[in-house]
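Participant: Here is how the chains run, residue by residue.
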Amino acid sequence: MIKRKWDMFMESVSMSVSNIVGSKMRSFLTTLGIIIGVAAIIALMTVVQGATDTMNAQFDAMGLGTLRIQINGTAIKRGLTDAELAELEACEHVAAVSPSLNTTVSASRGEAWSDAISVNGNDAVYFEHNADLLARGRAIHAIDVEQELRVCLVDGGTSKTLFYGEDPVGQTLYLDGREYTVVGTIDEDEDASLFSQILFGGSTDGTVYVPYTSAKKLMGTSTVSTLEVYVTDPDLTDTAIEEMETVLDGLFNYKDNTYTIINMESMTDAMNLMTSMMMSLLVGIASIALVVGGIGIMNMMLVTVTERTTEIGLRKALGAEPGQIQMQFLIEAIILSLLGGVIGVIVGLTVSYLICLNTDITFSFNTFAVVLGVSFSAAVGIIFGWAPARKASNLNPIDALRSM
Amino acid sequence: MSNDFFSMRGIVKQYDMGGEISTILKGIDLDIEEGQFLSVLGPSGSGKSTLMNIIGCLDTPTSGTYMLHGRMIRDLDQKQLARIRSREIGFIFQQFQLLPRLDALKNVELPLVYAGVPPRERTRRAEEMLVRVGLQDRMHHHQNQLSGGQQQRVAIARALATNPTLLLADEPTGALDQRTGEQVMELFQELNAEGRTIIMITHDLKIARHGTRIVNILDGELSEGVSAYD
Ligand SMILES: Nc1ncnc2c1ncn2[C@@H]1O[C@H](COP(=O)(O)OP(=O)(O)OP(=O)(O)O)[C@@H](O)[C@H]1O
Ligand SMILES: [Mg+2]
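Those sequence lines, one after another, are chains A and B.
Every letter in the first sequence is one number past the one before it in the working numbering, and letter 70, counting from 1, is 70.
Every letter in the second sequence is one number past the one before it in the working numbering, and letter 65, counting from 1, is 469.
Rather than coming from a laboratory, the hints here were simulated on the basis of the structure.
There are no misleading hints in this set.
Chain B residues, not near chain A, derived (Cβ > 12 Å throughout):
id: 1; residue: Gly422
id: 2; residue: Thr427
id: 3; residue: Arg542
27 Å max Cα-Cα, derived BS3-like pairs, lysine-lysine:
id: 4; chain 1: A; residue 1: Lys391; chain 2: B; residue 2: Lys483
id: 5; chain 1: A; residue 1: Lys160; chain 2: A; residue 2: Lys216
id: 6; chain 1: A; residue 1: Lys217; chain 2: A; residue 2: Lys77
id: 7; chain 1: A; residue 1: Lys5; chain 2: B; residue 2: Lys483
id: 8; chain 1: A; residue 1: Lys217; chain 2: A; residue 2: Lys160
id: 9; chain 1: A; residue 1: Lys77; chain 2: A; residue 2: Lys216
id: 10; chain 1: A; residue 1: Lys391; chain 2: B; residue 2: Lys510
id: 11; chain 1: A; residue 1: Lys255; chain 2: A; residue 2: Lys77
id: 12; chain 1: A; residue 1: Lys391; chain 2: A; residue 2: Lys24
id: 13; chain 1: B; residue 1: Lys483; chain 2: A; residue 2: Lys3
id: 14; chain 1: A; residue 1: Lys391; chain 2: A; residue 2: Lys5
id: 15; chain 1: A; residue 1: Lys255; chain 2: A; residue 2: Lys216
id: 16; chain 1: A; residue 1: Lys3; chain 2: B; residue 2: Lys510
id: 17; chain 1: A; residue 1: Lys24; chain 2: B; residue 2: Lys510
id: 18; chain 1: B; residue 1: Lys510; chain 2: A; residue 2: Lys5
id: 19; chain 1: B; residue 1: Lys483; chain 2: B; residue 2: Lys510
Quantities reported herein were computed from a predicted structural model and do not represent experimental measurements.
Glycine included, each C-beta is placed from N, C-alpha and C at the ideal position.
Generate the whole structure from the sequences, applying the supplied hints.
Facilitator: In structure tokens, the structure reads:
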């Protein structure tokens, strides 16, 4: 009995395949809606997921228990002096404070030249917490900071621009006319520049890390307006924030909007919420294409039923049960939309792979998206194939036979 | 007189032609014994095909009762009717009704698909039937690659494939020359000798005489014998 059902099923499949292959162009156009819908869903999910993962990795790289303080300041007090930084560092639950300056300068070395090199001013603490950053050579030490030494670390972009084909370590370069000695190189993968690009936009030829005291000179400032804070215990981050708020409020006379404390962890949460909302919205829009595609399938199947009225009548006259006729047409609709689904998955993966290739987003095969796309298309086949299949099965054999 | 094998009583078929009712079959009574070879004679438009469709459970009468193999056809649902068409009846249509997309062999296999015969056995039986109607060298030809007579023989092979007890043939020699027509009649007599009941429609008295019994339809009414032609 099961064997017979299976034979019948295979017979329906082979009949459907020969019908679909028999009118290739029409089948392709019919499935186009499904192809577009599924491809859009796959591409959106893969790219958005990839972007989220990349961004999360960037946030994670900044570390748990890391806070970022952005000083907006007032007209007379733009940032924090070294003494005030020490005051923050003195808070009970603050382990260390690491100032961070960022500017864009022109850099040169002999003939090589760039007018847009990003300079990050950091201290030894920063490199201790971001040990992965260092590729070769040495990091910035406390003594470099103390003595405002003109040493620097360069990334791949800078190396390419200024030291093409040479080992930069030990060489010198000029940042806005000041001579610096390269003491180390930065590991590209650990570079937070994508994160900076997303947040601050724009792009530079490369990034150079210098002692923050030296960066202050480059920028002609005596204060710091961005700093990272490492707390003693990630569980007590909120306490640390409160302590620092007390200090900062004191420094800025309780004025509003003079500073912002950014908790990376809560930012990640907010970001994830935002991307998942965006994702549902986009997938929702893409689903409309699937519905339209489904209507296309339904239309094609209705036309097919009308065209094949005689055939249906004949099959019934030769002993086909209504259920068997219905199954044949349903299978045809499902195969048609599954075909669209599979092509859509391939197109979607290709498109998202290409997008990822041309951006910094890492491509990862999203199994869930593929399963979703394929099962969506199968569901579309069942839902929109049902009515035409039912219509075919209800045809009166003699009316169907006579209609030729 | 009534029998369990085949009995029709007062079969009426009417069509509603836009308000005007036209009566095609006007109360047909017909009993057939198992093993008979019945020829149905009648001029064009007399209602022969209409009657045949009702006999083949493809159409339903407006009124009257039809009993086949002890079952009241009126009381059966679509699925049960499909089973009867599949297992008990072989139908040779007036216009052959081959599926143009399938070759001769696949056409003959078609009723076997619905009878639930496994694929290998299906092909074997279909080949056997095609050999029997003399088409061993035309198995993979499509409808448009076959002559009218060859198409007719494919249709016959298809009707015989499921080994039905009741063979219905609507003008089976209509497209054949006299010699091939005679061959088909020989085949029918052979099948009849094997115990199969045959109902054959024709308007050719010579062909009709191959049957064991002849009825005549004229203007929707059935009479025994060939009186109208004498
Ligand atoms: N669906 C229908 N609606 C209206 N009238 C119909 C219908 N089907 C058949 N008829 C009419 O019924 C009559 C009998 O048709 P039928 O096909 O039974 O004739 P026949 O005896 O088989 O003729 P032939 O020898 O030419 O095949 C014809 O006049 C035809 O017009
Ligand atoms: Mg006829």
